[in-house]
Amino acid sequence: MPVVFKRIIFFAVLILIWQGIFLLGIWPESMIPGPFTVAETIFAGFADMTLVYDIAASFRHLFIGLAISLVIGTLLGVLLAKVKIADETLGTMILALQSVPSIVWVPLAIIWFGFTETSIIFVVVIGGTFVMTMNMRIGIKNVAPIYLKAARTMGSKGMDLFFKVVVPASIPHAVTGVRLAWAFSWRALMAAELMSTGPGLGYTLSYASDFNNMSLVIGIIIIIGVIGSVVDQLVFQRIENKVLKRWGLEEAA
Amino acid sequence: MYLDINKVTKSFQRKDEQPLQALKHINLQISEGEFISLLGPSGCGKSTLLSMMAGLSMPSSGSISLDNKEITEPGPDKSMVFQEPALFPWMSVKENVTFPLRKRVNKQEQEKKAVHYLKMVHLSQFTGNYPHELSGGMQQRVSIARALAMDSKLLLMDEPFGALDEQTRHVLQEEVEKIWLDTKKTIVFVTHSIREAIKLSDRVIIMSARPGTIISDFKVDLERPRQQKDMAVMEEDIMTILKTEIENVMKEELQYAGSL
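Taken in sequence, the protein lines are chains F and B. Just so we're aligned: 133 in UniProt numbering is position 133 of the first sequence, and the numbers increase by one with no gaps anywhere. Just so we're aligned: 40 in UniProt numbering is position 40 of the second sequence, and the numbers increase by one with no gaps anywhere.
Read the hints as simulated data drawn from the structure, not as lab findings. Fair warning: this is a prediction, and the values are worked out from it, not measured in the lab. Careful: at least some of the hints might be erroneous.
[Said to hold, decoys possible] With a straight-line Cα cutoff of 20 angstroms, these simulated PhoX-like cross-link-like pairs (lysine-lysine) come out:
1. K229(B) / K219(B)
2. K157(F) / K103(B)
3. K164(F) / K103(B)
4. K69(B) / K185(B)
5. K107(B) / K164(F)
6. K82(F) / K149(F)
7. K149(F) / K103(B)
8. K119(B) / K184(B)
9. K82(F) / K157(F)
10. K184(B) / K219(B)
11. K107(B) / K119(B)
12. K153(B) / K103(B)
Build the full structure now, drawing on both the sequences and the hints.
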């Protein structure tokens, strides 16, 4: 049986159980709304475009933030991989920063930038940067020595060696870095938007909670999960697999 | 002398231990156009010696000069084929072969040369393929074509067929011999196969184990292509020398193990 069918059946059963619990009526609808109510809410949100605007706003924050974090992360990663003293000092700090949950930055961002989009983007940037840095660093440090030797016997050195051999050789790690940076940024984005003044999925989520609109709360959680996994599977995993295959790191499936 | 290795020693620093002497007093003169094999038990420093000829590492003392110029860095005047193909996986076969040519000739010329050398190793059908799509033997052929494309007079080969199966090995040995006959390059070839050394070389240099020294310098005066039956006597002789050498290594290792 193809994996798609298994998944469809799994989710169908899950929704049935959900509907069953709902029909038992143990908890009031304001606590556990039924799946069809949630579906209706999501549909209505798309129909009147409110959810579309939210998703668009969230993606705008995400892409600006992610782009900045990828640039900073790549540069920092190169710095750490190439300059030993930077690795020994700044490197430990980045490792520490990486273990700080991104929601921690939200209060700081609000004080610095107020309830603005800049605040959200700042938190997203922090969320994605460090994981990209660490992956880029590993990628450059782990370039197979044989590539460097071979390139040097062919007269490549300095900048040419770096850009034509070291950088492309570290692409597989960089791609993993981008994928993880996306995942981290997506989480950071939701944390930041929860405390923002909108628009955005996170904002609408906290707004729905304030007004006890439980079906919208669940609906948005589902949307966040679906977007997160769909982008990961359809975009990043595909790119990653393609790169790994091309770079000879993984057999073609 | 074309390639002159003069009183070369090489030792590696080790943490908390005596430096490891890999090579001791190596003197070796190679004339232009010669095909030389370096043969010896593993750990005799033959690859270390070759990598110094490539300029990838420096002797601890002594010097190596090519065409009367001391070798101080790697470069396209001395091309090298490694045991692994060492192709860049993100480049197509053709891009790999043109890599050393990028800064030296124009696009058209690069294309022409790539095709020319890939033809020489019978891979002109695969210019657009990527390394991961080729077998190990084909990849090694591409790496030979890439080394040839540099058009250097000196070609260094570090156990280039070590990782290949017997069949492929034979085919590639013949190809290398033919390329050598056609191009008249100077080839230094590292191997641990006695037969391979005798089959291909003008001279077989036999090295002892740690610290590596040259213990014999065999001239191979057999007509090419060489026949198995003609090679047998020499194979026997070299085998005897190497056997004593390998036994010495074993004895030494046993003694060392006993002293622990």
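Can the restraint linking K69(B) and K185(B) be considered satisfied, given a maximum Cα separation of 20 angstroms?
-> 18 angstroms, holds
Below or equal to 20 angstroms on CA atoms is what counts here, so check K229(B) against K219(B).
-> 17 angstroms, holds
Straight-line Cα separation of K157(F) and K103(B) no greater than 20 angstroms?
-> Given that 20 angstroms is the threshold and the Cα spacing comes to 12 angstroms, the pair holds.
Proposed proximity, K184(B) with K119(B) (alpha carbon, max 20 angstroms) = 18 angstroms, holds
Are the Cα atoms of K107(B) and K164(F) separated by 20 angstroms or less?
-> With a Cα-Cα distance of about 17 angstroms, the restraint between K107(B) and K164(F) holds, given a limit of 20 angstroms.
With a cut-off of 20 angstroms on the C-alpha distance, tell me whether K164(F) and K103(B) pass.
-> Roughly 12 angstroms separates the two Cα atoms, so the pair holds.
When you check the alpha-carbon spacing of K184(B) and K219(B), does it fall within 20 angstroms?
-> 18 angstroms, holds
Given pair status - K119(B), K107(B), alpha carbons within 20 angstroms | 18 angstroms, holds
Hey, K149(F) versus K103(B), does the alpha-carbon distance stay inside 20 angstroms?
-> 18 angstroms, holds
Regarding the pair K82(F) and K157(F), is the alpha-carbon distance no greater than 20 angstroms?
-> Answer holds: K82(F) to K157(F) is near 15 angstroms, not above 20 angstroms.
Restraint check for K153(B) with K103(B), where alpha carbons must lie at most 20 angstroms apart | Satisfied, since the Cα-Cα distance of roughly 19 angstroms is no more than 20 angstroms.
Is K82(F) within 20 angstroms of K149(F), Cα to Cα?
-> 17 angstroms, holds
In summary, this structure violates none of the numbered hints.
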